[in-house]
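Whenever a hint applies, use it, and build me the whole structure from the sequences.
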Amino acid sequence: DAKTTQPTSMDCAEGRAANLPCNHSTISGNEYVYWYRQIHSQGPQYIIHGLKNNETNEMASLIITEDRKSSTLILPHATLRDTAVYYCIVRVRWRDDKIIFGKGTRLHILP
Amino acid sequence: SQTIHQWPATLVQPVGSPLSLECTVEGTSNPNLYWYRQAAGRGLQLLFYSVGIGQISSEVPQNLSASRPQDRQFILSSKKLLLSDSGFYLCAWSVGRGRGTEAFFGQGTRLTVV
Chain S
1 DAKTTQPTSM DCAEGRAANL PCNHSTISGN EYVYWYRQIH SQGPQYIIHG
51 LKNNETNEMA SLIITEDRKS STLILPHATL RDTAVYYCIV RVRWRDDKII
101 FGKGTRLHIL P
Chain X
1 SQTIHQWPAT LVQPVGSPLS LECTVEGTSN PNLYWYRQAA GRGLQLLFYS
51 VGIGQISSEV PQNLSASRPQ DRQFILSSKK LLLSDSGFYL CAWSVGRGRG
101 TEAFFGQGTR LTVV
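Going down the list, the protein sequences come from chains S and X. All residue numbers for the first sequence refer to the numbering used here, where the first residue is 1 and numbers rise by one. All residue numbers for the second sequence refer to the numbering used here, where the first residue is 1 and numbers rise by one.
By construction, these hints were calculated from the structure, which means they are not laboratory data. Hints may be right or wrong, so weigh each one.
Short, incomplete list of chain X residues facing chain S, as computed with Cβ under 8 angstroms [as the list claims (entries may be wrong)]:
{"hint": "1", "residue": "Y49"}
{"hint": "2", "residue": "S57"}
{"hint": "3", "residue": "L90"}
{"hint": "4", "residue": "G106"}
{"hint": "5", "residue": "Q107"}
{"hint": "6", "residue": "G108"}
Small disclaimer: the values here were computed from a predicted structure and weren't measured. For every residue, glycine included, the Cβ atom is placed at its ideal position computed from N, Cα and C.
Have a look at this one:
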């Protein structure tokens, strides 16, 4: 699976949009971008995934660049409960295989 | 709907004692199952994953072993715990049979070896 690069930490004011970047310059054509988050002392939670089109669900939006070498997870109106570590993972979908997590981005939502 | 159960939530064990953590999934068949460990302040480390009964892949050689005696049951074991085995242990599942997708995690077991 392709490697991802994320900032170590980010701050965002409560009520503002949180934009979390992820670089995956070696992504291959059949690899999807997945986002998870881990709130302190809990198991990671799946957020969203996409291949090349932008995606939106009730939790977040995922913007993938046209060349697919980077993506941005957007939390439109961040709340204190969004404080967590956010992981970007690139992997082939529809395959039974290991899922490897990187170090992620620690997002602090500031009151 | 699918649910994943992991127990116990917390565990304190002496060095040299055995360990058995159990994870079960309900509401799905032939899931892929995973065990992860997270040391204090560190990232998620994949320990084992399984695509079927009796099929275990080990990612990191260590003092732990895993077994899958039933389709939806995944067990993490150790014969003799070390201090370095302390951490947050997480079980996860994903859809299997070549339909592997996103993973869903249990609430974890916080293990302290003393």
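A quick look at each hint next to the structure:
1. Y49: This hint holds: Y49/X lies near chain S, its Cβ roughly 5 angstroms from the closest one there, short of 8 angstroms.
2. S57: With a minimum Cβ separation of about 7 angstroms from chain S (threshold 8 angstroms), the hint on S57/X holds.
3. L90: holds, 5 angstroms
4. G106: With a closest approach of 6 angstroms, the G106/X hint holds.
5. Q107: Since chain S brings a Cβ to about 6 angstroms from Q107/X, closer than 8 angstroms, the hint holds.
6. G108: Because about 5 angstroms separates G108/X from the closest Cβ in chain S, which is inside the 8 angstroms limit, the hint holds.
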